[in-house]
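Student: Single-letter residue listing:
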Amino acid sequence: MNKGLFAFVSALSLLVMPGGATLAQQAGGTPILSGPLVKLDIKPAQIETKRGTPKGTLTVAQHFALDPGWLNPQTHSYVLTQMKYDYLVHDALIKSMPQGVLTYSLAEHAEMSADFKQAAFRLRAGLKFQDGTPLTTADVKWTYENFKGAYAKIFKDKLASIRVVDDRTIIFNFKEPFLDFITLYNGGVSGIGWVIPHKYYEKVGSDGFKTKPLGAGPFKLVSQQAGSQMVFEAWEDYWRRTPGTKRIVVKGIRDPASRLAGLQTGELDLAYGMTGKLLPRVMKDKNLRWDENFTAPWYLLFPGYNEAGSPFKDKRVRQAVSLAINRAFLSKRETQGIGVPWGNWINAGNPDALRGDGKDLPVPEHNVAKAKQLLAEAGFPNGFDFDWYVPFVPYFDMGERILVDLRAVGIRGKLEVLEGPAFRAKMGRGRKGFQGNRTLVQNIDPRPGGAAASIRVFAVCGSPSSFICEPQIEDLWKKHEASVDPEIRNEVLRKIQHFIVENYLAVPIYLNPFVHAVGPRVLPEGGKGFHRYWDTMNAPYPWPWEVWEVKADK
Amino acid sequence: MQKYILIRGFYSLITLWLLVTIVFVMVRLSGDPVEMKGEIGADPTYTQQLRKDWGLDRPFHEQYASFMVNLVRGDFGHSFEKSLPVSTIYFERLPNSLKLGFAAFIISIVIGVPLGMLSALKVNTWWDSFGKMVALLGLSVPGFFVGLVLIIVFGVNLGWFPVLGKGQSAFVGSEPSTWVTFWFRDWGHLAMPAFALGWYFSGAMLRISRSGMLDVLGTDYVKLVRLKGVPEAIVISKHALKNAMIPILTIAGLNLVVMLNVAIVIEVIFNWPGVGLLLYDGLTNRDFPMVQGVVLMSGVVIVLLNFTIDVLYGYVDPRVRLSR
Chain A
1 MNKGLFAFVS ALSLLVMPGG ATLAQQAGGT PILSGPLVKL DIKPAQIETK
51 RGTPKGTLTV AQHFALDPGW LNPQTHSYVL TQMKYDYLVH DALIKSMPQG
101 VLTYSLAEHA EMSADFKQAA FRLRAGLKFQ DGTPLTTADV KWTYENFKGA
151 YAKIFKDKLA SIRVVDDRTI IFNFKEPFLD FITLYNGGVS GIGWVIPHKY
201 YEKVGSDGFK TKPLGAGPFK LVSQQAGSQM VFEAWEDYWR RTPGTKRIVV
251 KGIRDPASRL AGLQTGELDL AYGMTGKLLP RVMKDKNLRW DENFTAPWYL
301 LFPGYNEAGS PFKDKRVRQA VSLAINRAFL SKRETQGIGV PWGNWINAGN
351 PDALRGDGKD LPVPEHNVAK AKQLLAEAGF PNGFDFDWYV PFVPYFDMGE
401 RILVDLRAVG IRGKLEVLEG PAFRAKMGRG RKGFQGNRTL VQNIDPRPGG
451 AAASIRVFAV CGSPSSFICE PQIEDLWKKH EASVDPEIRN EVLRKIQHFI
501 VENYLAVPIY LNPFVHAVGP RVLPEGGKGF HRYWDTMNAP YPWPWEVWEV
551 KADK
Chain B
1 MQKYILIRGF YSLITLWLLV TIVFVMVRLS GDPVEMKGEI GADPTYTQQL
51 RKDWGLDRPF HEQYASFMVN LVRGDFGHSF EKSLPVSTIY FERLPNSLKL
101 GFAAFIISIV IGVPLGMLSA LKVNTWWDSF GKMVALLGLS VPGFFVGLVL
151 IIVFGVNLGW FPVLGKGQSA FVGSEPSTWV TFWFRDWGHL AMPAFALGWY
201 FSGAMLRISR SGMLDVLGTD YVKLVRLKGV PEAIVISKHA LKNAMIPILT
251 IAGLNLVVML NVAIVIEVIF NWPGVGLLLY DGLTNRDFPM VQGVVLMSGV
301 VIVLLNFTID VLYGYVDPRV RLSR
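From first to last, the protein sequence lines stand for chains A and B.
Heads up: the first sequence runs through residues 1 to 554, numbered per the numbering used here.
Heads up: the second sequence runs through residues 1 to 324, numbered per the numbering used here.
Don't take each hint at face value.
Cβ-to-Cβ under 10 angstroms is the rule here; a few derived chain A residues that face chain B [stated by the list, open to error]: (1) 146; (2) 148; (3) 261; (4) 336; (5) 361; (6) 426; (7) 428; (8) 430; (9) 457.
Derived from the structure by calculation, the hints contain no laboratory data.
Computed from a predicted model, the values in this text were never measured in an experiment.
Ideal Cβ positions, reconstructed from N, Cα and C, are used throughout, including at glycine.
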């Protein structure tokens, strides 16, 4: 059966109405494409027709310096933090919201052809940018064609042409099936879907745009001191609703103790990264509240594990490493017990990630005796020395605790303390970033884009950041890339995840809470209602921002 | 005198050239900023584009030549981390550093000089012991510790002062801010960081003041004035003080330059948006243009100051200009 026919049959197996019409999306109406379509699970937007008045100032502490480049989606980086600013100033055709990982935003209707070679969107009527100029499909087209940021290559390589049908309707034509288009075009995954006013951008240029960005999002930038502070004000004509707060001030505050002090004095309303030693103080302070904000699981990797001479070449040794870690105790010391021991290394927020709570993958056990027995069977009855344990910066305390656990079973090593950029540089080079093959690396990676994104980066031999290289995974991955059937692709991804975990190629630890704390001015006061700000799945920050409410300024 | 000024000017330029060259080389030895930007899983095309945009795909000598040519034109390049021209960011931050530096300078003078003078005038009394103890604490207790204690006590526990940032003065989009209001607004935000920064220098000023005054009080002309029966207050204020101030002013000027340029730790703790924090961000993120720009500007200030002092010495003391 050739590929085209196979694709057609696969599409027919999905929900396709006779005569070539689609299951129209709830808000969509008239179809755009002819021919059979794929069913897209995009949730409708929640539009509030009753318009309130924004009030108060929300002051947010970002845990590193601010980059004006984050205000320009055209050069969108892979760093998730930039999306926080996308959600503030700009808007996308589809993006992750509390309603779902894929939710309509600027677009009210989307279609994808059954052969995945065409995608179409219809914009809402009456959209405009913050300066009042209309937002049309010409801007959507220009944004796509001039995008230079993360994933630009794949978007450009796959694209055949873009057809603007009218001011609200646009069709993307691809050279070959682009199954991941909707996933990657999601504003919660990449920057290409965040629409830029192309005439304004061409007039002011990239630097001008970073200084004075213009978007269609709920907040406008009113001032910034590069690196230290940005001030945003509500745009009351935002199509979805009037923002709850009048002003949002974001400050770059690197020191966690300073962030906590700011919360306690009332200078800050929201601070990120209140973990480790600060968490008990946050919990003790009756004026503060906190949200767990689970991001992704911690896990260990073994660079060069499959090379001769590596003690981690034997699966039993890697399993011993896993058995040695007392996850419950570690979670208690590091996160006051909030962290959840987890059996997968991939971000649980991804719909295609296997759950590591026993539902899909078992929670790893802690068993010192079994670990020692396995080490003895593998030829290390007295344990062994390895070179370095490299913790994720700056979780050095956690690294020390894991080293203690490993030492208890006879696996002895030293802690290598790196600074953030140096650690990231090494991780970016994958196995090649670490000398020798007797190193353990601790990592966490809350990237969106599905399990495929994590596997593609860390577990495919050809990836520049690969740590895992196995023929079986390569075969499965080839099958994944060659298939145009989402069911087959999902099945392959499940198999790869099983393989990696069951062979201890990545050793998961616990699902990490990157705790966010709020002060007393954040509404609603009392109770647990404030947790709604973290309802968006897979979001490392509490967007969307237009729903935030604080007490009015005095 | 003209020849003297030209020679000093030439040496100043050589110093600056050596400074920028050394910084240019050293930042490039610290690692690859493209890799360190942390784009794990980035497409190689993306990182290649980044390398090209940052000019790091060119050979070392071409990068240097381009850097020097741009420098002559006043262009320090684009910050890798903050994506805007370095000069724009630097001059935006400079007033904040000036404000903090001058405030810390005033604190160091107000605490150090009177206590030092008193210590010298009441030598070997408990005043002197008190002064020496303050000097010891100032020089041995690090500024970051003082800052953290201030935050906890006066910020968090007592709530007297805000603990973060510099307030709203001089922000575009806020109330119109003139140079006058910039200097006098939000002094509450300034109090603790200025004290933490000035604390160390107050200890140094105290010791200099004490020793300077003691030296002057021990001179023959002061002894003669006392023998003539002049009241002690006149001896101190009219005869001793002016001469005691010479070394104090010299050191104070140098301290001011240091305070303007190296308040990194204080700026990080208090999140004070000055040039020190810029340098810190630049170093930790391998932002070559930022580090080069900040170090160069700091160097320019120091070199200019030294040049000015040298020229003034030449005017004041003919032996200086004739001997060179």
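Student: Hint by hint, note whether the structure agrees.
Tutor: Verification of the hints:
Below 10 angstroms, beta-carbon pairs count as interface contacts, and residue 146(A) has none with chain B, the closest being about 13 angstroms; its hint is therefore violated. Annotation: interface hint on residue 148(A) holds; nearest CB of chain B at approximately 7 angstroms, less than 10 angstroms. The closest approach between the C-beta of residue 261(A) and any C-beta of chain B is roughly 5 angstroms, which is under the 10 angstroms cut-off, so the hint is satisfied. At about 21 angstroms, the closest approach between the beta carbon of residue 336(A) and any beta carbon in chain B exceeds 10 angstroms, and the interface hint on this residue is violated.
A hinted interface residue such as residue 361(A) counts as satisfied when its beta carbon comes closer than 10 angstroms to some beta carbon of chain B; here the least separation is about 23 angstroms, so the hint is violated. Interface hint status for residue 426(A): upheld, as the beta-carbon distance to the closest one in chain B is roughly 8 angstroms, under 10 angstroms. The criterion of a C-beta within 10 angstroms of any C-beta in chain B is met by residue 428(A), whose closest approach is roughly 5 angstroms, and the hint holds. At its closest, the beta carbon of residue 430(A) sits 9 angstroms from a beta carbon of chain B; the interface hint therefore holds under the 10 angstroms criterion.
Look at residue 457(A): its Cβ gets to within about 4 angstroms of chain B, closer than 10 angstroms, so that hint holds up.
Checked against the numbered hints above, the structure violates hints 1, 4 and 5; every other hint is satisfied.
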